[in-house]
Every structure is written in structure tokens, then in C-alpha cells.
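Q: For this one, chain A is given, so just place chain B on it according to the hints.
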Amino acid sequence: MNTPLVSIVSICWNRKTDIMESLKRIREIDYPNLEIIVVDNASTDGTPEMIAAEFPDVRLIKMYKNIGIEAYNIGFHNARGEYIVVLDDDSFPQRDAIRRMVDKFERDPQLGVVAFDVRNFYDYDDVKNDAFEGTGQALGETAATAENYLLAFNGAGAGVRRDLLEEVGFYPDEFFLYWNEQDTAFRILDRGYTIKFFADVVSYHKYSPTNRSSWRAPFYYTRNAFWLIWKNYPLEMAIPLTVSLIRECFYFSMEQKTMIYLKAMVNAFVYMGCLKGKRKPVSMEIAKNLRIPFNVSFTFYR
Amino acid sequence: MKELLIIRSVSFQQLDKNLAAIAKAYPDHRISILTHEHGVMLAQKYRQVNDIYVYPYKEGFKLKNKVPVLKDKTFDVVIVPVTNITGAGFFNVLLFSLGLKASKRVLCNVRSEFKEVRRFSVLCLGLKNLAISVLSSVSTAVLAVFVIPFLPFKLRNLEKKGEL
Numbered sequence: 001m002n003t004p005l006v007s008i009v010s011i012c013w014n015r016k017t018d019i020m021e022s023l024k025r026i027r028e029i030d031y032p033n034l035e036i037i038v039v040d041n042a043s044t045d046g047t048p049e050m051i052a053a054e055f056p057d058v059r060l061i062k063m064y065k066n067i068g069i070e071a072y073n074i075g076f077h078n079a080r081g082e083y084i085v086v087l088d089d090d091s092f093p094q095r096d097a098i099r100r101m102v103d104k105f106e107r108d109p110q111l112g113v114v115a116f117d118v119r120n121f122y123d124y125d126d127v128k129n130d131a132f133e134g135t136g137q138a139l140g141e142t143a144a145t146a147e148n149y150l151l152a153f154n155g156a157g158a159g160v161r162r163d164l165l166e167e168v169g170f171y172p173d174e175f176f177l178y179w180n181e182q183d184t185a186f187r188i189l190d191r192g193y194t195i196k197f198f199a200d201v202v203s204y205h206k207y208s209p210t211n212r213s214s215w216r217a218p219f220y221y222t223r224n225a226f227w228l229i230w231k232n233y234p235l236e237m238a239i240p241l242t243v244s245l246i247r248e249c250f251y252f253s254m255e256q257k258t259m260i261y262l263k264a265m266v267n268a269f270v271y272m273g274c275l276k277g278k279r280k281p282v283s284m285e286i287a288k289n290l291r292i293p294f295n296v297s298f299t300f301y302r
Numbered sequence: 001m002k003e004l005l006i007i008r009s010v011s012f013q014q015l016d017k018n019l020a021a022i023a024k025a026y027p028d029h030r031i032s033i034l035t036h037e038h039g040v041m042l043a044q045k046y047r048q049v050n051d052i053y054v055y056p057y058k059e060g061f062k063l064k065n066k067v068p069v070l071k072d073k074t075f076d077v078v079i080v081p082v083t084n085i086t087g088a089g090f091f092n093v094l095l096f097s098l099g100l101k102a103s104k105r106v107l108c109n110v111r112s113e114f115k116e117v118r119r120f121s122v123l124c125l126g127l128k129n130l131a132i133s134v135l136s137s138v139s140t141a142v143l144a145v146f147v148i149p150f151l152p153f154k155l156r157n158l159e160k161k162g163e164l
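Residue numbers (the working numbering), protein chains in the order written: chain A, 1 to 302; chain B, 1 to 164.
If you are wondering where the hints come from, they were derived from the structure by calculation, not from laboratory data. Keep in mind the model is a prediction, meaning the values are calculated, not measured. Beta carbons are placed, not taken as given, at the ideal position from N, Cα and C, and that holds for glycine. Among the hints, a few may not be true.
[Unchecked claim] Straight line, CA to CA, 27 Å or less: simulated BS3-like cross-link-like pairs of lysine-lysine:
1) A:K276 - B:K160
2) B:K58 - A:K196
3) A:K288 - B:K64
4) B:K66 - A:K288
[As the list claims (entries may be wrong)] Listed next, the stretches of chain A that the computed footprint assigns to chain B, with coverage defined by at least 3 CB atoms under 8 Å from CB atoms of chain B:
5) 114–120
6) 231–240
Isolated chain A (complex conformation) (with noise of 0.2 Å):
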């Protein structure tokens, strides 16, 4: 099998514990090839000095502020590997995930992204069949599909070719955080290459939505929602869907008792200068196929 460099990119912003677990994790990565690039947020609890000290073999890039999942594109455009993988900051791939996902890619040059099934970190092992997994190699036909829909990936892990990352313009920085993978799915989908899930491909995430500030992901979520459509959907989708959106976002202003969602979306129709140039239709095909739950930015403030 041949063994191409793979770019590990992970951002971190303030989680010391996590990014240092996650590191530690993914050198025992199964993997002879790995570059693994960490890009700091302006920590102030001491991440990028730990990092530093205690994995020289990081390439660690500081950033002089938070500038979100924008950090993420400093990474990209810093990765050397045939591959990159995205994670968060307190995921990482299992011991096999790298060498099966790269398996993947050889055997399809139309694979886009391997999308990793993100498991809990705390509970997986304990409710998973090992029988599925164990084997440590590639098994059979493991994906995930579905026969009449499209599907997006998770930022928790996720494998992506570096020249069509480069080709579609790396993750949208104006998004800040969140539905910025479905943003660059849309852009993959539409160059001819396809998104799949593998159930044998794991990534590791400290799943902990309680930790979530309660306003950030409500507000980023529903702002983002409307970007996703304005920047993606055509014209004859992309006005219902805004209609649709603006319902909702009435909707469940009342029926949560919050302002969150009204906010966000006057934040997306006042910023809506910041997409010009960026908005770029994709086929109808891709458009009605591709799955993009948009409640689920209203399912996370109370």
C-alpha cells in the first residue's frame, strides 16, 4: 500500500487539556507518513507554550487573535500532504482511521472527502461491536450512503484531497464557526467528486454540547444558515428556502423565549455585504440532493 504524507490539521483556541489528549492520541497513530499541524487561536492558558514544549514534532502556527474556523484555511494552505485531515481540537482518528482512509482515496480518484464516523469519546468503546472493527484493516463495503440524498461531513474528522480543498477554496472564514463543512461540501459536490461516510474510518470527539456558551452556537448556527442558502442555492430554491428560514426563525424566537435567532438573522441580512463575490449557485441536482438539516440551529439554547 502506498503511503502518501498526510496533513493533520486541528485548531485550538483555550483547551490546553484537550488539544494535549488529542496529541498525544494521534501519535499513536498506525501511519508511517503524518504532518501534523496545529493552528492557535491567541490562546491565553498557555496551549501554544505547552504545545511547544511537549510535541516539537507539531508544526504550530500562532495567530495574533481569534479568528475562528478562518484559522483552519492557514492550516490548509500550510499542509504539504497528498491528504489532509480535519479535526477539532479535542478530537482525533482512531489508531487505523489514517491508513484505511487513505486505502479509500487510492481506490477511488472520485472520492472527495472520507467523512469519519465521530464517535463519543467517553461512551464508543463501550457500547461499540468490536467484531466490527478490530481487525485493523480496511474492511469491506463500510459506507455509510444513502440512495436518493447527498450527504455533508463532520470538522471533527474528516480526510479531504489537498488539491481539490485548494480547487474549492479552502473553509468560508466569513462563517466564523459552524455549517462552514456543509458550505465546502456544496463546492465539492459541485466539482464531480463525491462525500462518504465510512463506519470503519472512527475519529474520537469529547462530545460535551453543555460546555457550548449559550449564545454561540444558536446565533452562529441560524446566521450561517442563511449564508449557506444566499451563497449556495439557485436563485428559484434559494428565496423559499430564505422565506422558510425567517419563519423559523419567528417560530422558535417564540416558542424558546429568546431573541437569539431574531438577532442572527438581521446580523445575516445587514452582513450580507460580505458574500459578494462568493456566492456561486450549484446544480439543482446538488441542491435538492444534498441533505442540510437546518433545524439544528435551532435545537441548541435551552
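A: What follows is chain B alone, placed relative to chain A:
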């Protein structure tokens, strides 16, 4: 054995956490999962899950979307996992659960706390949400008068030049 169905309305990451708690809280139950098609392969990895049923739609769970394979099935418990504490934003899944034959419907929140939800409560909530729905439709209609006529021009103005 009693029959328990989990409607997979949350990510597998959360279900990993909830499943252990569900198995502990309902030890004498045979566990099945209802999931979208893409979730079948991923749900098969659970040791405690016996049957996996496919929700044959792209969109989220809705009362109008029937699942033929569940038409003749009866469950002692249907679990609705939610990604928050209260279940806000998951009324559609609760409503969908009313279309299933079940003795009990139970909300399982992000902390794996369980709360039984009776059919009557869901219907009452439905009435309240109907009123909210009317209000939000009126508000949207008013806003749309000002926004929608200009939106097509605005969107064309955002387009990437030279690529269309």
C-alpha cells in the same frame, strides 16, 4: 422481552452517550433504532441494538412521513433523544412519535435524563405551537413584503463574476 424503539433524532456522538444510559434504565427491553438510510451502517456498530429500521425520507421526522415497516409494530417504549435539556426544537419528533404504536413515549436529553411525555401533553403542546405557527407566519408575511422583492437582485449582486 419488552420492545423499545429509539428514534435517532440526534448525532451518533450523542447516541453513544444516551444508549448506555437507555440500556441501563430499561434492562428488560429489546432495543431497536429508527434512523435515516445513511445511519444504518453506523447504527449496526452498537452491541445492544437488535433491529434497525430505515426512515425512508431525506428530511427530518414529521408526522406525515409514515414508515411502512413500522405499521404493524408495537413498542412498549419509544425514546426521543434531544440535543438540549428541555427538548425545545424537537416537537416535530414528538409529533412523529404519536404516529407509532407505543405505550410510552420518553424524552432523553443531552444529560441522559429521562422524562415521560404523555400523548395528551404532546397534543397540548401542539395547540400552543399552532398558535405560534400562525403568529410566525403572519410576521414572516409582513417581513417578506419588504425583503423578498429585493432579495433576487441582492443575490445576483453577490454572484462570483466570470464563473456563471
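Q: State for each hint whether it applies.
A: Okay, the hints, checked on the actual structure:
Proximity of A:K276 to B:K160 is assessed by CA-CA distance (about 8 Å); at most 27 Å being required, the pair is judged to hold. For the suggested pair B:K58 and A:K196, the alpha carbons sit about 16 Å apart, so the restraint of at most 27 Å is met. The hinted pair formed by A:K288 and B:K64 meets the criterion: a straight-line CA distance of about 20 Å does not exceed 27 Å. Taking the CA atoms of B:K66 and A:K288, the gap is near 21 Å; set against the 27 Å cutoff, the hint holds.
Chain B is given as covering the stretch 114–120 of chain A, and this holds because 4 residues of the stretch bring a CB closer than 8 Å to a CB of that chain, at least three being needed. Note: the stretch 231–240 of chain A has 4 residues with beta-carbon separation from chain B under 8 Å; the three-residue rule is met and the coverage holds.
In summary, the structure agrees with every hint in the numbered list given earlier.
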